[in-house]
Amino acid sequence: MLAELINPYYLQVGSFMLINIILGISMYITLSTGQLSLANAGFMGIGAYTSALLTIHFSLPIPVGVVIGAIFAGLLGIVVGLPTLRLKGVFLAIVTLGFGEVIRVIFVNWESLTKGSVGLSGIPHMGRELLKTVKELGFEPKMLGLQNNQFIFMAIFLILLVIVIFVIWFFKRQNDSRIGRAFSAIKLDEQAAESMGINITYYKVLAFAQGALLSGFAGALFAHMLGYISPADFAYHKAIDILIFAVLGGSEVIWGPAFGAFFLTLLPEVLRFISEYRYMIYGVIIVVMMVVRPQGLIDLNVVKWIKRKTTRRGLKNGTGN
Amino acid sequence: MVLEIKKVSKNFGGLSALTDVSFSINKGEIFGLIGPNGAGKTTMFNLVTSIFPTSSGDIIFKGEKINELKPHLITEKGICRTFQNIRLFPQMTTVENVMVGVHSRSSSGVLKSVFRPKSQRQEEEGIKVKSQDLLKFVGLEGYEEVVAENLSYGQQRRLEIARAMASDPELLLLDEPAAGMNETETEDLFQLIKRIQQKGITVLLIEHDMPLVMNLCDRIAVLNFGVKIAEGTPKEIQDNPEVIEAYLGREEDELDA
Ligand SMILES: Nc1ncnc2c1ncn2[C@@H]1O[C@H](COP(=O)(O)OP(=O)(O)O)[C@@H](O)[C@H]1O
Ligand SMILES: [Mg+2]
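Residue numbers (the working numbering), protein chains in the order written: chain A, 846 to 1166; chain B, -10 to 246.
This is chain A alone, in the form it adopts within the complex (with noise of 0.2 angstroms):
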């Protein structure tokens, strides 16, 4: 009965969802600080060859591999963070396309380590690691009731949802504090918040290089889940992606990127002739969003409003707090 409902298919679309809902935190973390920067698919890249190689090559675990992957990313990102720092809106943004793409580019041309264009396959599956480790104890997904293939998916899925659901509890509390203020008061005016006593150096490159991090991070993790990635996958077009998150979900709280993320990768799979019209969409999106809603479709006042709809709900059920 269970094992029926368990759709691989649902369960991938699933997973991409949740890998884009990390990049487009990712996005959103580096924005909070006020910095547009394009260059998260190209630490998404880096995080997902260097955790891909470091596996193959040195058979280390996926999660050592992963963790790795980024932290590197996230060094990159204060290696790249520090020198952008006077550039502001859309020159940081042109600087950080033009980053990833130089990033795309060594990834094509470094063909003795990366294989070029063709990419890299035989990446160590997380979830096809994982039934191997569990069956090494004695476990097998017939207990279950599932197929192997059923358990693998769901695995995955249940692995990144654990973990975006940290990643969102992590930056809401960051968010919520000390840190979170120095963000904001750089995003609404910089000078003043310098002159306040922030170190806003330190505080705008903390937020490129968690950008970074958490793109490295998502990209790792998008390697493991596929098995295979080409340079292909870290193109400007993901660029693009994780923008478009942003703009249509907002970008100031952390949902709305999260709900852009969701929205815009379920949105193809279920009007399947959308995928053709793709971008044709996307530009749609940008030109209505910024004439219509610029602080896009999730803002504080819809969490306000949701907040509000639900105590309220929950005081009458007797369960408020």
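These are calculated hints, taken from the structure and not from any lab test.
Hints are not guaranteed to be accurate.
[Said to hold, decoys possible] Using 25 angstroms as the maximum straight-line C-alpha spacing, the simulated BS3-like pairs for lysine-lysine come out as follows: (1) B:Lys51 to B:Lys224; (2) A:Lys1149 to B:Lys117; (3) B:Lys(-4) to B:Lys101; (4) B:Lys(-4) to B:Lys54; (5) B:Lys119 to B:Lys183; (6) A:Lys1032 to B:Lys117; (7) B:Lys107 to B:Lys119; (8) B:Lys125 to B:Lys51; (9) B:Lys16 to B:Lys(-5); (10) B:Lys183 to B:Lys107; (11) B:Lys51 to B:Lys16; (12) A:Lys1032 to A:Lys1149; (13) B:Lys51 to B:Lys66; (14) A:Lys1017 to B:Lys16; (15) A:Lys1152 to A:Lys1017; (16) B:Lys(-4) to B:Lys66; (17) B:Lys(-5) to B:Lys59; (18) B:Lys117 to B:Lys101; (19) A:Lys1032 to B:Lys59; (20) B:Lys66 to B:Lys183; (21) A:Lys933 to B:Lys59; (22) B:Lys107 to B:Lys117; (23) B:Lys119 to A:Lys1017; (24) B:Lys59 to B:Lys(-4); (25) A:Lys1152 to B:Lys117; (26) B:Lys107 to A:Lys1017; (27) B:Lys224 to B:Lys119; (28) A:Lys1032 to B:Lys(-5); (29) B:Lys125 to B:Lys59; (30) A:Lys1017 to B:Lys117.
[To be verified] Here are the simulated distance ranges between beta carbons: (31) A:Phe1011 to B:Gly131: 37 to 43 angstroms; (32) B:Asp157 to A:Ala1077: 53 to 59 angstroms; (33) B:Lys117 to A:Gly983: 51 to 57 angstroms; (34) A:Thr1046 to B:Gly2: 36 to 42 angstroms; (35) B:Arg105 to A:Gly983: 37 to 43 angstroms; (36) B:Asp157 to A:Tyr854: 39 to 45 angstroms; (37) A:Leu920 to B:Glu134: 52 to 58 angstroms; (38) A:Arg1117 to B:Gly131: 55 to 61 angstroms; (39) B:Arg105 to A:Leu1003: 25 to 31 angstroms; (40) A:Lys960 to B:Ser44: 54 to 60 angstroms.
Just so it is clear, the structure is predicted and the values come from calculations on it, not from any experiment.
For glycine and all other residues, C-beta sits at the position ideal for the given N, C-alpha and C.
Use these hints to put chain B with the ligands onto chain A, whose structure you have.
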């Protein structure tokens, strides 16, 4: 001596906004900096808070040269300011604005902020209480959750003062705090600045409201076209012919314009 300005000059391209200006401020006094529009008063604030580098001269705070420090370090040393053209964080609430001001007097980093050990929770609670107390101090009790941009002009000016005080400054720089205020608000402001002085905070005040300046300040320096033309007690300044000339000359210009 809290602050010593030593032969400070500032050029913007060909324009000299300040030329060899010197004065010093004693601990605990309210020191007025006055002069016609464009005299260089705000520029002096921007130099003291390191928004711009000085072209020449030194700025000494409690015996230490500070004019090459970054702005956030100036705040950490104990100098904080308000802005002539109000620069609050408009979409933050009133209390959040003040909480930002406590930044340099708190220390929780990323991990503490996320995992929240007891020390972080206590610090955060302390920040909140301190901010609420400061709002009370400037007369904004009950406005904690109002978004700053929805406050009246006079309230925004007082919020800027609370935000600056949140960094526990020894020297507070106020840039035209009475601008745009009506008579009662100005009277309240007078009392507020007095109470700030009573807390032991030294105040450097730029202000155009002459009765306010004359009643409030212990000493005053007058700038005109970037040059200091007088310094002394309010009485001495009021009787100084050069000062009267500077103001009258300018007023005629303004009448013509
Ligand atoms: N950032 C700047 N760039 C160029 N000129 C400036 C700048 N800031 C101030 N000035 C000039 O310096 C002079 C003094 O300005 P300011 O210090 O604002 O005067 P005040 O505050 O006494 O009215 C003015 O002529 C002004 O135009
Ligand atoms: Mg001025």
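Hints, verified against the model:
For a cut-off of 25 angstroms, the pair hint linking Lys51 of chain B to Lys224 of chain B is broken: about 28 angstroms separates their Cα positions. In summary, the hint linking Lys1149 of chain A to Lys117 of chain B is supported, as the alpha carbons are separated by about 21 angstroms, within the 25 angstroms threshold. Straight-line distance between C-alpha atoms of Lys(-4) of chain B and Lys101 of chain B comes to about 45 angstroms, which puts the hinted pair past the 25 angstroms bound. This hinted pair checks out: Lys(-4) of chain B and Lys54 of chain B have alpha carbons roughly 13 angstroms apart, not beyond 25 angstroms.
Distance restraint check for Lys119 of chain B and Lys183 of chain B: the Cα-Cα separation of roughly 20 angstroms lies within the 25 angstroms cut-off, and the hinted pair is therefore satisfied. As the CA atoms of Lys1032 of chain A and Lys117 of chain B are separated by approximately 22 angstroms, the hinted pair is consistent with the 25 angstroms bound. A threshold of 25 angstroms between alpha carbons decides the hint, and for Lys107 of chain B with Lys119 of chain B the separation of about 18 angstroms falls inside it, so the pair holds. Taking the CA atoms of Lys125 of chain B and Lys51 of chain B, the gap is about 30 angstroms. The hint is violated against a cut of 25 angstroms.
With a C-alpha separation of about 17 angstroms, the suggested pair Lys16 of chain B and Lys(-5) of chain B falls inside the 25 angstroms cut-off, and the hint holds. Straight-line distance between C-alpha atoms of Lys183 of chain B and Lys107 of chain B comes to about 38 angstroms, which puts the hinted pair past the 25 angstroms bound. Straight-line distance between C-alpha atoms of Lys51 of chain B and Lys16 of chain B comes to about 9 angstroms, which keeps the hinted pair within the 25 angstroms bound. The hinted pair formed by Lys1032 of chain A and Lys1149 of chain A meets the criterion: a straight-line CA distance of about 21 angstroms does not exceed 25 angstroms.
Pair hint Lys51 of chain B plus Lys66 of chain B holds up; C-alpha atoms about 9 angstroms apart against a cutoff of 25 angstroms. Only pairs whose Cα atoms come within 25 angstroms are accepted, and Lys1017 of chain A paired with Lys16 of chain B is rejected, the gap being roughly 43 angstroms. A distance of roughly 15 angstroms separates the Cα atoms of Lys1152 of chain A and Lys1017 of chain A; the hinted pair therefore holds under the 25 angstroms criterion. Among the hinted pairs, Lys(-4) of chain B with Lys66 of chain B is consistent with the structure: their alpha-carbon atoms are about 22 angstroms apart, no more than 25 angstroms.
Between Lys(-5) of chain B and Lys59 of chain B, the direct Cα distance comes to roughly 19 angstroms. Compliance with the 25 angstroms bound is thereby established for this hinted pair. Distance restraint check for Lys117 of chain B and Lys101 of chain B: the Cα-Cα separation of roughly 17 angstroms lies within the 25 angstroms cut-off, and the hinted pair is therefore satisfied. Taking the CA atoms of Lys1032 of chain A and Lys59 of chain B, the gap is near 19 angstroms; set against the 25 angstroms cutoff, the hint holds. Restraint check for Lys66 of chain B and Lys183 of chain B: the C-alpha separation of about 23 angstroms stays at or below 25 angstroms, so the hint holds.
With a C-alpha separation of about 20 angstroms, the suggested pair Lys933 of chain A and Lys59 of chain B falls inside the 25 angstroms cut-off, and the hint holds. With a C-alpha separation of about 15 angstroms, the suggested pairing of Lys107 of chain B with Lys117 of chain B holds against the 25 angstroms cut-off. Between Lys119 of chain B and Lys1017 of chain A the CA atoms are separated by roughly 24 angstroms; this keeps the pair inside 25 angstroms, and the hint holds. Pair hint Lys59 of chain B plus Lys(-4) of chain B holds up; C-alpha atoms about 21 angstroms apart against a cutoff of 25 angstroms.
Taken as a hint, the Lys1152 of chain A and Lys117 of chain B pair is honoured in the structure, with Cα atoms around 23 angstroms apart against an allowance of 25 angstroms. For the suggested pair Lys107 of chain B and Lys1017 of chain A, the alpha carbons sit about 19 angstroms apart, so the restraint of at most 25 angstroms is met. Note on Lys224 of chain B and Lys119 of chain B: the hinted pairing is violated, with a Cα-Cα distance of about 38 angstroms set against a maximum of 25 angstroms. Taken as a hint, the Lys1032 of chain A and Lys(-5) of chain B pair is broken in the structure, with Cα atoms around 35 angstroms apart against an allowance of 25 angstroms.
A C-alpha spacing of about 31 angstroms is found between Lys125 of chain B and Lys59 of chain B, which places the hinted pair above 25 angstroms, so the restraint is violated. For the suggested pair Lys1017 of chain A and Lys117 of chain B, the alpha carbons sit about 19 angstroms apart, so the restraint of at most 25 angstroms is met. Taking the beta carbon of each, Phe1011 of chain A and Gly131 of chain B are about 39 angstroms apart, inside 37 to 43 angstroms as hinted. Between Asp157 of chain B and Ala1077 of chain A the CB atoms are about 55 angstroms apart, so this pair conforms to the stated range of 53 to 59 angstroms.
For Lys117 of chain B and Gly983 of chain A, the hinted distance range of 51 to 57 angstroms is satisfied, since their beta carbons lie about 53 angstroms from each other. Against the hinted window of 36 to 42 angstroms, the Cβ-Cβ separation of Thr1046 of chain A and Gly2 of chain B comes to about 27 angstroms, which falls outside the hint. Between Arg105 of chain B and Gly983 of chain A the CB atoms are about 40 angstroms apart, so this pair conforms to the stated range of 37 to 43 angstroms. Checked against the hint of 39 to 45 angstroms, the pair Asp157 of chain B and Tyr854 of chain A fails, with Cβ atoms roughly 60 angstroms apart.
In this structure, Leu920 of chain A and Glu134 of chain B break the distance hint of 52 to 58 angstroms, their C-beta atoms being roughly 40 angstroms apart. Evaluation of the 55 to 61 angstroms hint for Arg1117 of chain A and Gly131 of chain B yields a pass: the beta carbon distance comes to about 56 angstroms. At roughly 27 angstroms, the beta-carbon separation of Arg105 of chain B and Leu1003 of chain A lies within the given 25 to 31 angstroms, and the hint holds. A C-beta distance of roughly 58 angstroms is found between Lys960 of chain A and Ser44 of chain B, which places it inside the suggested range of 54 to 60 angstroms.
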